[in-house]
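Visitor: Sequence:
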Amino acid sequence: MTIAPSLAATAYEVARARAAGGPAEIAGAGLAGGEGSSFGALLKGVVNDAVATGGAAEQASMNAVAGEGSLVDAVSAIAAAEVTLQTVVAVRDRVVGAYQEIMRMPI
Numbered sequence: 002m003t004i005a006p007s008l009a010a011t012a013y014e015v016a017r018a019r020a021a022g023g024p025a026e027i028a029g030a031g032l033a034g035g036e037g038s039s040f041g042a043l044l045k046g047v048v049n050d051a052v053a054t055g056g057a058a059e060q061a062s063m064n065a066v067a068g069e070g071s072l073v074d075a076v077s078a079i080a081a082a083e084v085t086l087q088t089v090v091a092v093r094d095r096v097v098g099a100y101q102e103i104m105r106m107p108i
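Residue numbers (my numbering): 2 to 108.
What the hints contain is simulated information worked out from the structure, not anything from laboratory work. Heads up, some of the hints might be wrong.
As the list claims (entries may be wrong) - So the derived label-pair ranges between C-beta atoms look like this:
{"id": "1", "residue 1": "Ala81", "residue 2": "Met106", "range": "18 to 24 Å"}
{"id": "2", "residue 1": "Gly41", "residue 2": "Val84", "range": "49 to 55 Å"}
{"id": "3", "residue 1": "Gly70", "residue 2": "Arg95", "range": "32 to 38 Å"}
{"id": "4", "residue 1": "Thr88", "residue 2": "Ala21", "range": "29 to 35 Å"}
{"id": "5", "residue 1": "Gln60", "residue 2": "Arg105", "range": "24 to 30 Å"}
{"id": "6", "residue 1": "Ala20", "residue 2": "Val76", "range": "30 to 36 Å"}
{"id": "7", "residue 1": "Lys45", "residue 2": "Gln101", "range": "19 to 25 Å"}
{"id": "8", "residue 1": "Val90", "residue 2": "Met63", "range": "33 to 39 Å"}
{"id": "9", "residue 1": "Ser77", "residue 2": "Glu14", "range": "42 to 48 Å"}
{"id": "10", "residue 1": "Asp50", "residue 2": "Ile108", "range": "34 to 40 Å"}
{"id": "11", "residue 1": "Val96", "residue 2": "Leu72", "range": "19 to 25 Å"}
{"id": "12", "residue 1": "Ala81", "residue 2": "Leu44", "range": "15 to 21 Å"}
{"id": "13", "residue 1": "Met106", "residue 2": "Gln60", "range": "31 to 37 Å"}
{"id": "14", "residue 1": "Ile103", "residue 2": "Leu72", "range": "28 to 34 Å"}
Where a beta carbon is used, it is the ideal one built from N, C-alpha and C, also for glycine.
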């Protein structure tokens, strides 16, 4: 699960433009393959990439067990899936922490 620095820079530019009251879209600012410039679209793309990484690891391990694939490829795919899962869990923990912090704010 890699996010190109250009996508991050574009997301920051869109957020800055929205905060300044400018246009919500910037020319060529499509994130996650042109799905739009919303955070939800970016998050959906990242989750889809995480699921695809897990599926690739599962397929590589099944191929290795069946004797059709390389053990090195299986271990590499499983390691990539593990890193992806750790990243997803870390992001989830931060989102839950932010939600809890918001809920503790006085009205």
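Visitor: For the hint 49 to 55 Å, verify it against the beta carbon of glycine 41 and that of valine 84.
Guide: violated (24 Å)
Visitor: In this structure, is the beta-carbon distance linking lysine 45 and glutamine 101 contained in 19 to 25 Å?
Guide: Since lysine 45 and glutamine 101 have Cβ atoms about 24 Å apart, the given range 19 to 25 Å holds.
Visitor: Evaluate the given range 18 to 24 Å for the C-beta pair formed by alanine 81 and methionine 106.
Guide: violated (38 Å)
Visitor: CB of alanine 81 to CB of leucine 44, is that within 15 to 21 Å?
Guide: holds (20 Å)
Visitor: Does the Cβ pair threonine 88, alanine 21 satisfy 29 to 35 Å?
Guide: holds (31 Å)
Visitor: Starting from the range 42 to 48 Å, see whether the pair serine 77 and glutamate 14 falls in it by beta-carbon distance.
Guide: violated (35 Å)
Visitor: Can you let me know if the beta-carbon spacing of glutamine 60 and arginine 105 is within 24 to 30 Å?
Guide: violated (44 Å)
Visitor: With 19 to 25 Å as the target window, see if valine 96 and leucine 72 comply at their CB atoms.
Guide: violated (36 Å)
Visitor: Do the beta carbons of glycine 70 and arginine 95 sit within 32 to 38 Å of each other?
Guide: holds (35 Å)
Visitor: Starting from the hint 28 to 34 Å, judge whether the C-beta atoms of isoleucine 103 and leucine 72 obey it.
Guide: violated (47 Å)
Visitor: The hint says 31 to 37 Å between methionine 106 and glutamine 60; measuring C-beta to C-beta, is that right?
Guide: This hint is violated: roughly 45 Å between Cβ atoms.
Visitor: Looking only at beta-carbon atoms, does the pair alanine 20, valine 76 fall within the given range of 30 to 36 Å?
Guide: Check failed, 45 Å falls outside 30 to 36 Å.
Checked against the numbered hints listed earlier, the structure breaks hints 1, 2, 5, 6, 8, 9, 11, 13, 14; every other hint is satisfied.
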